[in-house]
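Asks: The chain contents come next:
Protein chains: 2
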Amino acid sequence: MRKPLNVPYKIYLSENEIPTKWYNVRADMKNKPAPLLNPGTLKPLTHDELLPVFCDELVRQELDNDTAYVDIPAEIQDFYKMYRPSPLIHATYLERALDTPAHIFYKFEGNNTSGSHKLNSAIAQAYYAKKQGLTGITTETGAGQWGTALSMACAYFDLDCKVYMVKVSYEQKPFRREVMRTYGASVTPSPSMDTAIGRKINAEHPGTTGSLGCAISEAVEVATGTEGYRYVLGSVLNQVLLHQSVIGLETKAACEKYGIEPDIIIGCAGGGSNLGGLISPFMGEKLRGEKDYRFIAVEPASCPSLTRGKYAYDFCDTGMVCPMAKMYTLGHDFIPSANHAGGLRYHGMSPVLSQLYDDGLMEAKSVEQTAVFEAAEKFARVEGILPAPESAHAIRAAVDEALKCKEIGEEKTIIFGLTGTGYFDMTAYEAFNDGKMTDYIPTDADLQRGFDSLPKVDL
Amino acid sequence: MRKPLNVPYKIYLSENEIPTKWYNVRADMKNKPAPLLNPGTLKPLTHDELLPVFCDELVRQELDNDTAYVDIPAEIQDFYKMYRPSPLIHATYLERALDTPAHIFYKFEGNNTSGSHKLNSAIAQAYYAKKQGLTGITTETGAGQWGTALSMACAYFDLDCKVYMVKVSYEQKPFRREVMRTYGASVTPSPSMDTAIGRKINAEHPGTTGSLGCAISEAVEVATGTEGYRYVLGSVLNQVLLHQSVIGLETKAACEKYGIEPDIIIGCAGGGSNLGGLISPFMGEKLRGEKDYRFIAVEPASCPSLTRGKYAYDFCDTGMVCPMAKMYTLGHDFIPSANHAGGLRYHGMSPVLSQLYDDGLMEAKSVEQTAVFEAAEKFARVEGILPAPESAHAIRAAVDEALKCKEIGEEKTIIFGLTGTGYFDMTAYEAFNDGKMTDYIPTDADLQRGFDSLPKVDL
Chain A
849 MRKPLNVPYK
859 IYLSENEIPT
869 KWYNVRADMK
879 NKPAPLLNPG
889 TLKPLTHDEL
899 LPVFCDELVR
909 QELDNDTAYV
919 DIPAEIQDFY
929 KMYRPSPLIH
939 ATYLERALDT
949 PAHIFYKFEG
959 NNTSGSHKLN
969 SAIAQAYYAK
979 KQGLTGITTE
989 TGAGQWGTAL
999 SMACAYFDLD
1009 CKVYMVKVSY
1019 EQKPFRREVM
1029 RTYGASVTPS
1039 PSMDTAIGRK
1049 INAEHPGTTG
1059 SLGCAISEAV
1069 EVATGTEGYR
1079 YVLGSVLNQV
1089 LLHQSVIGLE
1099 TKAACEKYGI
1109 EPDIIIGCAG
1119 GGSNLGGLIS
1129 PFMGEKLRGE
1139 KDYRFIAVEP
1149 ASCPSLTRGK
1159 YAYDFCDTGM
1169 VCPMAKMYTL
1179 GHDFIPSANH
1189 AGGLRYHGMS
1199 PVLSQLYDDG
1209 LMEAKSVEQT
1219 AVFEAAEKFA
1229 RVEGILPAPE
1239 SAHAIRAAVD
1249 EALKCKEIGE
1259 EKTIIFGLTG
1269 TGYFDMTAYE
1279 AFNDGKMTDY
1289 IPTDADLQRG
1299 FDSLPKVDL
Chain B
849 MRKPLNVPYK
859 IYLSENEIPT
869 KWYNVRADMK
879 NKPAPLLNPG
889 TLKPLTHDEL
899 LPVFCDELVR
909 QELDNDTAYV
919 DIPAEIQDFY
929 KMYRPSPLIH
939 ATYLERALDT
949 PAHIFYKFEG
959 NNTSGSHKLN
969 SAIAQAYYAK
979 KQGLTGITTE
989 TGAGQWGTAL
999 SMACAYFDLD
1009 CKVYMVKVSY
1019 EQKPFRREVM
1029 RTYGASVTPS
1039 PSMDTAIGRK
1049 INAEHPGTTG
1059 SLGCAISEAV
1069 EVATGTEGYR
1079 YVLGSVLNQV
1089 LLHQSVIGLE
1099 TKAACEKYGI
1109 EPDIIIGCAG
1119 GGSNLGGLIS
1129 PFMGEKLRGE
1139 KDYRFIAVEP
1149 ASCPSLTRGK
1159 YAYDFCDTGM
1169 VCPMAKMYTL
1179 GHDFIPSANH
1189 AGGLRYHGMS
1199 PVLSQLYDDG
1209 LMEAKSVEQT
1219 AVFEAAEKFA
1229 RVEGILPAPE
1239 SAHAIRAAVD
1249 EALKCKEIGE
1259 EKTIIFGLTG
1269 TGYFDMTAYE
1279 AFNDGKMTDY
1289 IPTDADLQRG
1299 FDSLPKVDL
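Note that the protein sequences, when read in sequence, are chains A and B.
Heads up, the first sequence stops at 1307 in the numbering used here, and the numbers go up one at a time, no gaps.
Heads up, the second sequence stops at 1307 in the numbering used here, and the numbers go up one at a time, no gaps.
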C-alpha cells in the first residue's frame, strides 16, 4: 500500500540552509584511499611535489584524510547563492508513469548555465587560485561541461582561463566552445602547436582528433611552465569529491527536513565527482554505523571500470604525465568506444569510490546506451527535464529499481543524482530519435588490451 | 544613499503560492483592444467563425474582454508545479558591477527544458485541446522556443503535435528540432510538400528557405483540414497574454511578500507574450488608478513595430490566411533583416499592448544588436545566466536605466523579464565573440515598402 508523502514536488531549501562546510568522507573511512604515487620513485607524492601543479590549499585538501568538515569560504558561499540550493525533486510524474509503489526523488544539479554539478568544484578551485594571487589556470575538457563551469568561475573571479578542448569536441561541439568564450576563456583545440607535447603528438599522428589524455598533458605543461598559473581538474581527485559533497549535504538536509528516508542512493559514475559528492554524507553515516543505505554506481557498459576493471595503480591520464592512483581502472590505454555520454568515458575511477567499492560499501552496475536513452526519453516526457546522457544512466538504474519494487510490492525510497541537462547533447538524441543508436560492450580481449597498459607496480 | 533590501538573492515562492487564476488585463482597459476582423467581410470575427481554427475554450478566452480573473484548471496547475514558481532574482551581482544605486530584479522564466516562458501558454492550449477531445494540434515555429514548449505540453497530455518549422531554422537549428522530436512531436520543414500552400510556394519560389508567414499558413491548413485537430499560436493573441499573466502575478506576489516596490518594469517585445504577461497585473493597478509604474517595451532596432510602425489593421501573417488585427505593425510584407533574436522578428504587436501603448500607458524603445550582446555578455559573466538574445534586449534597457540612476543619483527599483536562456543561440554569440556582429536599422524607404502592404481598411 503506497503511503502518500507530505512533501512539495520541488524541495527548495532556503539560501541560509546552503551548507557552510564541506564534508570529507575520507575522515570516516577505516581503509583510506591509497595515496597518489610519484611514477618516478613509486613513493607517495608529497605536499611539496604537488605544489607546482596544484594551488596550495587544494594540495592540502587533496592529502588531508583526517579533517571531517572543511569551512566553505564566504566568497564561495556567495557564488553558491547564485544557483544553490539546487532542488530535490519528488518524481511524482515518473512514479505515476511507472505505477510503482517506490518513492523516487532526484537531486537536480542542471539549473545553472554550465548545465551540471561541475560548477560546485570549479568555483572552489578558481577561488583558491585567486586567493593565492595566481593570474590564471589551465584545464582540459572533453564533452565541455567542466570547461564551461570553469570559465564561469574564472569570469567571476577575473582569472585567466585556458581550456584545452579535445579537437573532435572542439569541432563537433561549437556551441559549448562558444559558451566558454562568452565567459572569456581561451579555448584551444588539442593537440595544439602551443606545447611541446602537442607538437610531438601532431608530428607523430598527423590529423589526430585528440584525446582527453593528450589535452590533460597540454594543460599540465602550460600550467607548470607559465608564471602564476596552476592546473585544475574536474573529477577523480579527492579535493573534487570534497567540494561536491555540497550536493549530498543539501540532499540530506532536505531529507531530514521533510522526513524522507532513502533506502537506495544512485548516481552515474565517470570519474566519480557527482556520485562521490551525492553519497558522501550518507556514506559517512554508514561508515560510522549509524544508518544503512544501498549505494549504486552506474556506469556505461562500454566503459565499465568498476564492474569489469581491476583495482590497481594506474596513470590518471593516457599521456602518463600525471601521478599514478590506485583505482578501479581499465588501463590508461583503454579506448572507450564512441559512447555519447562523454563525461563517463574515463578509464579509471575516483580512488575514494574505488576503495569504498572494494570494501563492499557500494554496489556498481553497468547499463547499455539504448536502454539509457529509452529511460532518458521517458523521463523527459513525464518530468519535463531533458537529461544529460550521463545523468540518464542514473535514471535508468532508478527506473529499474522502481520497477523491481513494483514487481515485489516493496515501497522503497530511491534518490538519484540528476547531474545535468542535455541541451548540448542533441546529436546523441538525434541518433536515438532516428533509431541509429547502437550498443557496444567491450570483449574480454578488448579489456585485456587495456589491462596490458597497467604499470607493473610492486609495492 | 543606497538602502539595503532585506530580500534573499533568489525569491522562490512556495508551490501553494502559484496563482490559481490568470488575470485578464482587458477587463480593466477603458479602451478595449480592437476586435479581430474577418478579412472577407471586414466585420469582427464571431465566436463561431473562430471555432474551426481554435479550441472552443480558447475562442471564448480570446473574445472575452470583461472577465478579470479566469480559473486555472487543476491539471494546468499540476503541470505548473514542475517548473513554477519561477524565481524573482535580485541582481546584486549586476548592481555591484554597474555600481548603481538602483535595485534591479529579474523574473527568470528560463529554468525549464523549453528554455523560455512559452511553456506557460503551451500547456494551457494543449490542455483545452485535450479536454475538448481533440487528437492533435498544429503550429509553426521559427527560432524554436514555442515549438519546443508545445512539444513538451503535448507529450504531457498525450496529444499529437505537428510543428511546421521555418526551413532555414530546421536546417540551422537541428538541436531545437531534436528536442521537439524527443518529446514526440513531428517536425516538418516549411514550406513542405504536405500542404496546398506549401506546394504552391515551393513551385513559385524553388529553393526557398521559408518564412514564419508560410509556416503559419501550412499549420492552419493542416489544422482546419484534419479531423480532430486545431491550430495554436504562441504569441500576439489575447488568450496568450492571459495565460502569460502567471509571470506577472507571481512577480507581484513576490514583490508584496518582500516589500519590493517597482518603479520601472521592462520586457522585450516581439509579439508581446512575455511583456504582456509580466506587466498585466501591474498595468491593472495603473488602469484602476491605484498605483503608477513606468513600463518599457524593448524591441530590436531592426524590427521596430512600436517605435516606428503604424497603428493599423493588418494581417497577422505574411500569407494573409489569418484574421486581421489592429496593432502597431510594419506591414505584413516587412522582412526583418537577419537579426539573431528570432523571437522578436515579427512585423506586428499584440493588439492589447498596441492599445496600451497608443493610450500612452506604456513606453517603447528600440536597441541595436551589438549593444544588446554587450549587455548579454556582461550579464552572463556577473549573474551566471546565459540569456537568450531576445531576453537580452530587456537586459540592455535595464542596464541603461540603472546607469541613468547612477548618473542622477536616484534609487529606483527596476524589474525586468528574463524570458529565456541562450543555449540554442550560440551561433549569434559566436558572431559576437568573433567581432562579426553588425547592426541594421531599416531606412524610411525600407519601412515604406512594408507599409505599402497594409490592407486598405476603411471602417
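Don't take every hint at face value.
Identical copies carry no separate label here, and so any pair may be met within one copy or between two of them.
Unchecked claim - Under the rule of at most 25 Å between Cα atoms (straight-line distance), these lysine-lysine pairs were calculated in the DSS-like manner: (1) Lys880 <-> Lys979; (2) Lys978 <-> Lys1254; (3) Lys1048 <-> Lys1134; (4) Lys1105 <-> Lys1226; (5) Lys1105 <-> Lys1134; (6) Lys1213 <-> Lys1260; (7) Lys929 <-> Lys1226; (8) Lys1158 <-> Lys979; (9) Lys1226 <-> Lys978; (10) Lys1284 <-> Lys1158; (11) Lys978 <-> Lys1252; (12) Lys869 <-> Lys929; (13) Lys1105 <-> Lys858; (14) Lys1226 <-> Lys979; (15) Lys858 <-> Lys869; (16) Lys1105 <-> Lys929.
Think of the hints as simulated: they come from the structure by calculation, not from any bench.
Keep in mind it's a predicted model, so treat the numbers as computed, not measured.
Asks: All hints, please: hold or fail.
Replies: Outcome of the hint check:
1. Taking CA atoms no more than 25 Å apart as the test, Lys880 paired with Lys979 passes in neither setting, with 29 Å inside one copy and 60 Å between copies.
2. Within a single copy, Lys978 and Lys1254 get their C-alpha atoms no closer than 51 Å, and across copies no closer than 30 Å, so neither meets the 25 Å cut-off.
3. For the identical chains of this complex, Lys1048 and Lys1134 are neighbours neither inside a copy (48 Å) nor across copies (70 Å), given an alpha-carbon limit of 25 Å.
4. In the homo-oligomer, the alpha carbons of Lys1105 and Lys1226 never lie at most 25 Å apart, since the shortest distance is 30 Å inside one protomer and 38 Å across protomers.
5. In this homomeric assembly, Lys1105 and Lys1134 come within 25 Å of each other (Cα to Cα) only inside a single copy, at 20 Å, whereas the closest approach across copies is 42 Å.
6. For the homomeric pair Lys1213 and Lys1260, the shortest alpha-carbon distance inside one copy (19 Å) is at most 25 Å, but the shortest distance between copies (56 Å) is not.
7. In this homomeric assembly, Lys929 and Lys1226 come within 25 Å of each other (Cα to Cα) only across copies, at 19 Å, whereas the closest approach inside a single copy is 31 Å.
8. Neither within a single protomer nor between protomers do Lys1158 and Lys979 lie at most 25 Å apart by alpha-carbon distance, with minima of 39 Å and 57 Å respectively.
9. In this assembly of identical chains, Lys1226 and Lys978 lie within 25 Å of each other by CA distance solely across copies; the values are 20 Å between and 43 Å within a copy.
10. In this assembly of identical chains, the alpha carbons of Lys1284 and Lys1158 never lie at most 25 Å apart, being 32 Å within a copy and 51 Å across copies at closest.
11. Taking the shortest Cα distances, Lys978 and Lys1252 never come within 25 Å of each other, neither inside one copy (49 Å) nor across copies (33 Å).
12. Taking the closest pair of Cα atoms, Lys869 and Lys929 come within 25 Å of each other only inside a single copy of the chain (14 Å); across copies the shortest separation is 31 Å, beyond that limit.
13. Proximity of Lys1105 and Lys858 under a CA criterion of 25 Å is satisfied in both settings, with 13 Å inside one chain copy and 20 Å between copies.
14. In the homo-oligomer, the alpha carbons of Lys1226 and Lys979 lie at most 25 Å apart only across protomers (23 Å), although the nearest pairing inside one protomer, at 45 Å, exceeds that limit.
15. For a Cα distance limit of 25 Å, the shortest separation of Lys858 from Lys869 qualifies both inside one copy, at 24 Å, and across copies, at 21 Å.
16. Taking the closest pair of Cα atoms, Lys1105 and Lys929 come within 25 Å of each other both inside a single copy (20 Å) and across two copies (20 Å).
When the structure is compared with the earlier hints, violations turn up for hints 1, 2, 3, 4, 8, 10 and 11 and for no others.
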